[in-house]
Amino acid sequence: MKIISDIQELRDHLRGQNRASFVPTMGNLHEGHLSLMRLARQHGDPVVASIFVNRLQFGPNEDFDSYPRTMQDDIEKLEREGVYILFAPTERDLYPQPQEYRVDPPHQLGDILEGEFRPGFFKGVCTVVLKLFSCVQPKVAVFGKKDYQQLMIIRQMAKQFALPVDIIPGETIRAEDGLALSSRNGYLSSQERAEAPELQKILQQVRHQVLDLGARNTQALSEIEKLAESTLAKRGWEPDYIAIRQQSDLAPPSNESLQGGEPLVILTAAKLGKTRLIDNLEI
Numbered sequence: 020m021k022i023i024s025d026i027q028e029l030r031d032h033l034r035g036q037n038r039a040s041f042v043p044t045m046g047n048l049h050e051g052h053l054s055l056m057r058l059a060r061q062h063g064d065p066v067v068a069s070i071f072v073n074r075l076q077f078g079p080n081e082d083f084d085s086y087p088r089t090m091q092d093d094i095e096k097l098e099r100e101g102v103y104i105l106f107a108p109t110e111r112d113l114y115p116q117p118q119e120y121r122v123d124p125p126h127q128l129g130d131i132l133e134g135e136f137r138p139g140f141f142k143g144v145c146t147v148v149l150k151l152f153s154c155v156q157p158k159v160a161v162f163g164k165k166d167y168q169q170l171m172i173i174r175q176m177a178k179q180f181a182l183p184v185d186i187i188p189g190e191t192i193r194a195e196d197g198l199a200l201s202s203r204n205g206y207l208s209s210q211e212r213a214e215a216p217e218l219q220k221i222l223q224q225v226r227h228q229v230l231d232l233g234a235r236n237t238q239a240l241s242e243i244e245k246l247a248e249s250t251l252a253k254r255g256w257e258p259d260y261i262a263i264r265q266q267s268d269l270a271p272p273s274n275e276s277l278q279g280g281e282p283l284v285i286l287t288a289a290k291l292g293k294t295r296l297i298d299n300l301e302i
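If you use the numbering used here, the sequence shown corresponds to residues 20 to 302, in order.
There is no bait here: all hints are sound.
The calculated lysine-lysine pairs, modelled on PhoX-like cross-linking and capped at a C-alpha distance of 20 Å, are:
id, residue 1, residue 2
1, Lys164, Lys178
2, Lys293, Lys253
3, Lys290, Lys245
4, Lys220, Lys253
5, Lys290, Lys220
6, Lys178, Lys150
7, Lys158, Lys178
8, Lys165, Lys220
9, Lys142, Lys165
10, Lys245, Lys220
11, Lys142, Lys178
Think of the hints as simulated: they come from the structure by calculation, not from any bench.
Please model the entire structure based on the sequences and the hints provided.
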């Protein structure tokens, strides 16, 4: 595996490679990331991964400085997966000048849910992803469905900018007890780690309530959301949201769309102690 930090050197190595598949990451790799590498290999060759902790998507009170950085361990994992190139730029490599040009997703998609609780997050994500696409110039790029809203925003960005990149979704990988794998799971204490799978169990309960009750009006969905948030709070969580939305655009469903069988997704973000976890479940 070649480890490259310089943009021009990366382009030199990839010159003539018009089927490259790309998996951008922030490192601290786990089985969820590695499953994306395997999926990437099914859709293109060679496989290029990146590791870059992107300052632009962190808020002033978030964990940029303490975000886990495990480069040597990550390198060994990527080598075992047969990744061809690891692009691991420094901030000076990727942002040699202050990144004053930014990509701002539309309000109705970028400022809801995660965007409401993490202002500027998706602007930072879109900006770095567009720049990484420019550096790697892949044919396909793979993103995990655990970050459901991010996947949708990146997909729409690629479409609106007519980028020649196919966005491939990868399924969420979970621990045996149902907790979605995440680099931030390492922040959990042993007691919090034992409690953390309850987040997915709550989503399963919401899904069953929607299906079993045949909820076909927005008032019923709102009551289900409030009950789920209350249940989490009673267990010691601090929920930011539990929201039942349309899969197509993450908008709140209308009575008409519910009656028409619009596919739904449940999205949640909640704090357990000092650790903020996100998850989702399609209906």
